[in-house]
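K.L.:
Chain by chain, the residues run as shown.
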Amino acid sequence: MIPELGHFAVILALGVALLQAAVPLLGWRRHDARLMSFAASAAQGQFLCVAAAYACLTYAFVSKDFSVAYVAENDHSQLPLIYRITAVWGAHEGSLLLWVLILSAWSLAVSVFNRRLPLEMSALVLSVLGMISTGFYLFILLTSNPFTRLVPAPAEGRDLNPILQDPGLAVHPPMLYMGYVGFSVAFSFAIAALIGGRLDAAWARWTRPWTTTAWMFLTMGITLGSWWAYKELGWGGWWFWDPVENASFMPWLAGTALIHSLAVTEKRGLLKSWTVLLAIIAFSLSLLGTFLVRSGVLVSVHAFASDPSRGMFILGFMVVVVGGALSLYAWRAPRLSSDGELRLFSREGLLLFNNVFLAAAAAAVLFGTLYPLVLDATGLGKVSVGPPYFNPVFLPLVTPLIFLVGLAAAVPWKRGDWKETVRRLRWPALAALVFGGALPFTLYGRSTPLASAGALLGLWAMFAAVQDVWRRVRAKPDLGSGLAAVPRAAWGMTLAHVGLGVWALGVSGVVSFGDEHDVRLARGTTTELGGYTFRFDGAGESQGPNYTAQEGTVTVTHGDRPVAVLHPQKRLYPSQGTVMTQSSIDIGLLRDLYVSLGDSFDDGSWSLRVYYKPLVRMIWLGGVLMFFGGMLAVSDRRYRLARAAERRAAEALEGAAA
Amino acid sequence: MRFAIPLVVLALLVGLFMIGLRRDPHLVPSPLIGKAAPAFDLPTLDGKRPRMTDADLRGAPVLVNFFASWCAGCQEEHAYLMQLAQNGQARLLGIDYKDAESDLRPWLTRRGNPYGVILTDLEGKAGIDWGVYGVPETFVLDAKGTVIYKQIGPMTPEIWQHDIQPLLRSAT
Amino acid sequence: MKRRVACVLLLALAAAGARAEVQTVKPEIPLTPQQEALYRGLLPELRCLVCQNESLAESQASLAADLRYEVRGLVAKGEDETAIKKYLTDRYGDFVLYKPPLEARTALLWAAPFLLVLIGLTMLFAYARRTRATPATRPPADEAALRKILDDHS
Chain Z
179 MIPELGHFAV ILALGVALLQ AAVPLLGWRR HDARLMSFAA SAAQGQFLCV AAAYACLTYA
239 FVSKDFSVAY VAENDHSQLP LIYRITAVWG AHEGSLLLWV LILSAWSLAV SVFNRRLPLE
299 MSALVLSVLG MISTGFYLFI LLTSNPFTRL VPAPAEGRDL NPILQDPGLA VHPPMLYMGY
359 VGFSVAFSFA IAALIGGRLD AAWARWTRPW TTTAWMFLTM GITLGSWWAY KELGWGGWWF
419 WDPVENASFM PWLAGTALIH SLAVTEKRGL LKSWTVLLAI IAFSLSLLGT FLVRSGVLVS
479 VHAFASDPSR GMFILGFMVV VVGGALSLYA WRAPRLSSDG ELRLFSREGL LLFNNVFLAA
539 AAAAVLFGTL YPLVLDATGL GKVSVGPPYF NPVFLPLVTP LIFLVGLAAA VPWKRGDWKE
599 TVRRLRWPAL AALVFGGALP FTLYGRSTPL ASAGALLGLW AMFAAVQDVW RRVRAKPDLG
659 SGLAAVPRAA WGMTLAHVGL GVWALGVSGV VSFGDEHDVR LARGTTTELG GYTFRFDGAG
719 ESQGPNYTAQ EGTVTVTHGD RPVAVLHPQK RLYPSQGTVM TQSSIDIGLL RDLYVSLGDS
779 FDDGSWSLRV YYKPLVRMIW LGGVLMFFGG MLAVSDRRYR LARAAERRAA EALEGAAA
Chain A
2 MRFAIPLVVL ALLVGLFMIG LRRDPHLVPS PLIGKAAPAF DLPTLDGKRP RMTDADLRGA
62 PVLVNFFASW CAGCQEEHAY LMQLAQNGQA RLLGIDYKDA ESDLRPWLTR RGNPYGVILT
122 DLEGKAGIDW GVYGVPETFV LDAKGTVIYK QIGPMTPEIW QHDIQPLLRS AT
Chain E
20 MKRRVACVLL LALAAAGARA EVQTVKPEIP LTPQQEALYR GLLPELRCLV CQNESLAESQ
80 ASLAADLRYE VRGLVAKGED ETAIKKYLTD RYGDFVLYKP PLEARTALLW AAPFLLVLIG
140 LTMLFAYARR TRATPATRPP ADEAALRKIL DDHS
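Residue numbers (my numbering), protein chains in the order written: chain Z, 179 to 836; chain A, 2 to 173; chain E, 20 to 173.
Bound-form chain Z, shown alone:
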């Protein structure tokens, strides 16, 4: 009964979404305020429907209702409760339901927070969001219904894929979807602006917090995914350039570019058509990612069972949504005029250089990801494009970006002055040179070009960001009032840029000085790595809630000093007959010591993979700092308190337009 209710709730949500798409649009055409204000109620009603559907599916999982096909495939009577809840999004159908739930939550948020916006604007935004929702509900109902019954019901479920039974992966998809789906709001604002013909500083101001919020969730989602892959896959990698990862990285790059170009559009009224295009592209890349991941068009060894009919549906949906948006863009964008003149050496000029590199990076990822498909489709054979392509190609794209981060903050809007800039930045530059040059030698006693460049650039971004805040503080008579005068948006920007610097330190450190051993050890024998001694103390049986494990004991010492006792496992999940390696890591800010078990041999020895990962934590710390930077920026008072002013401004504009 409950699953049928869930199914019905999805159908109901589809109906409400259709109304949410159509009625406000009609109201906008007829200048009917009543029809337009229906949008908010519809968004709220739609959220209730889909939340009910989601609750039904969760209930089916928790109550182990194996008569539901999707539950039977992804649940098991011995699965711990927490994983029965997260198993809801463990495969294609349920993750789509999570997707629409989040999309609907964003619509709900828009309907609540946009009450201060002109009615036309919020009605159009919610209408566009309703159209997107409609497409996804159709997708669920036509190709991927999670509530389909199985007759007869099996006695036992096939279990959640053991690789997904991990806290990191439990929170990774919701974060990622918050990001992906969040870009639909910026997209809807862009479409509303193109339809309504209103694209000004106020539009950019409204779009910014939504974009930043989506971006910060996406940042966190990617960071969590990278962390999860590192500890779960058993060989210490943190980024693979897999199509699945690229699918999340492309919208991130476009979203980052959008955040910066929105700043230019808000402050200077420049480059409106580019900003609108970026808002369209960021969400389009999210859709594209969904298509790539779920259609099976690329080799991405991935959990989602690929199905060409699903691929065709998403492709068709993309043609409608993205094609429609870009047609509207092609029609309306030529009318968008920029006010004023752009000088390249100015804050906005440098932000646009940043946009060039970010957009080129996103396009390069797309190109590299799709190139094998291009060659295959044109009959030119099969090639592989992997990390050995992306890594060297990305270095020259990222380097100027980090350099620009430090530079742009010190250059004023409208017109920069070389001499003044050099004077301002001489201390951060000097400090980055001195400390960046010394850092690898201090930590590791040697350096490589990459390590030196990474340390130098990372510290440059951090020092310049901190100095930017310091300049604002110094402008006030005393420290207290100075600190209070720095707006949260500036703190957020600083934190995010420091995060980028920390990330750069981590990447260059772990790539330059990381080391590994693949060894076969008998009980009591040792191996040396990175100055540490790893002693294998044998392996024994251990029992988990739904698996049995071989657990090794590895004692790590540094000289005479004990450092850690690690317990890597090799788990057998009998429900699927799957064997998983569970690495054991001694975590440190400056280095990780990482051990995973390989195979056992008849004489009692084991093959082990031992890794020394210097600064690897910095990579995720950088991501976390960016996340909190985004959060600070969004909480800035001007987005909260200036609403009355915005309404006045909007009224002023409308008055002028009338």
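Quick caveat, the hints were computed from the structure, so don't treat them as lab data. A couple of the hints might just be wrong.
[Said to hold, decoys possible] Derived EDC-like pairs (lysine to aspartate or glutamate); straight-line CA-CA distance at most 20 Å:
| # | chain 1 | residue 1 | chain 2 | residue 2 |
| --- | --- | --- | --- | --- |
| 1 | Z | 560 | E | 122 |
| 2 | Z | 242 | Z | 298 |
| 3 | E | 96 | E | 47 |
| 4 | E | 45 | Z | 243 |
| 5 | E | 45 | E | 85 |
| 6 | Z | 560 | E | 109 |
| 7 | E | 45 | A | 130 |
| 8 | E | 45 | A | 164 |
| 9 | E | 96 | A | 130 |
| 10 | E | 105 | A | 130 |
| 11 | A | 36 | A | 124 |
| 12 | A | 36 | E | 85 |
| 13 | A | 151 | E | 109 |
| 14 | E | 45 | Z | 696 |
| 15 | E | 105 | A | 159 |
[To be verified] If you anchor each label on the Cβ, the simulated ranges turn out as follows:
| # | chain 1 | residue 1 | chain 2 | residue 2 | range |
| --- | --- | --- | --- | --- | --- |
| 16 | A | 51 | Z | 628 | 29 to 39 Å |
| 17 | E | 148 | Z | 611 | 57 to 67 Å |
| 18 | E | 84 | A | 111 | 50 to 60 Å |
| 19 | A | 10 | E | 46 | 50 to 60 Å |
| 20 | Z | 779 | A | 111 | 50 to 60 Å |
| 21 | E | 126 | A | 24 | 17 to 27 Å |
| 22 | A | 111 | Z | 498 | 51 to 61 Å |
| 23 | E | 105 | Z | 695 | 25 to 35 Å |
| 24 | A | 35 | Z | 498 | 37 to 47 Å |
| 25 | A | 35 | E | 120 | 17 to 27 Å |
| 26 | Z | 241 | E | 50 | 55 to 65 Å |
| 27 | A | 42 | Z | 260 | 50 to 60 Å |
| 28 | A | 24 | E | 142 | 47 to 57 Å |
| 29 | A | 25 | Z | 752 | 30 to 40 Å |
Built from N, CA and C at the ideal position, the CB exists for glycine as well.
Chains A and E: place on chain Z using the hints.
P.N.:
What follows is chains A and E alone, placed relative to chain Z:
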């Protein structure tokens, strides 16, 4: 006009995906096609001679089928391979890939033996030389010992009739 | 992120069958430090054909173990990088190389990132020139008023 460029890019991408959806990205085409079969020298299972080499393949077209008793796809195609052998439509050479003889014998007893000769490739070295990455894989060789076709995955009547038979006909 | 999932399943399916594939124990091949470096450097550039989104360095598939053993043997014999890559492409085609070789059909791939930056920069310079060529339209009065209201609160 430049505002329509994104639309053009989208159209190109959609066209690309339309083609892509009809292809299997996992298939790796063999570089051996059109070349002489790789050299090998492998022990036979109950053969008249203890070993066989690539030179022994020449003279008539042959299907070289990499299989194993532990592989699910091989069970799937087995009945059809039996049919091909019994009808005399094809000469089959089986290469038993990374398989234990104690597993193989009962497997063959139960399902029948379609192969003229079975060679054993216990270490998978011949498999590597032939570019095998997942059994079953079937190579079609013409009378001169040149590889003219490679089937990755189970052999089916469709593939045999539509792809392989015409090739064999034009080769002779 | 879930890249390994399907592959783990694939291996599990093989293992779950009545019989498993035979993995013969092979003697270890000693390498000199230079050879070891070459071997370690090569593995990440070679793609596993079973777990297709993993390199030979990462993959746990048994074919990957066999190929690692072959590569190690070739390194020990004193073969260089080119010869070893040719050994693999002769058997599996260019698919096995994670770093596509620079040739006519991949020229665009390798040039793309730099072309994209070049296009971007050209567009930016052209845009800057356009804004300077058109007489600076004063923002209309209402826009100025709007900006003032907004700025008062930022």
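K.L.:
Of the numbered hints stated earlier in the document, which are not met by this structure?
P.N.:
2, 4, 8, 11, 12, 15, 16, 17, 18, 20 and 28
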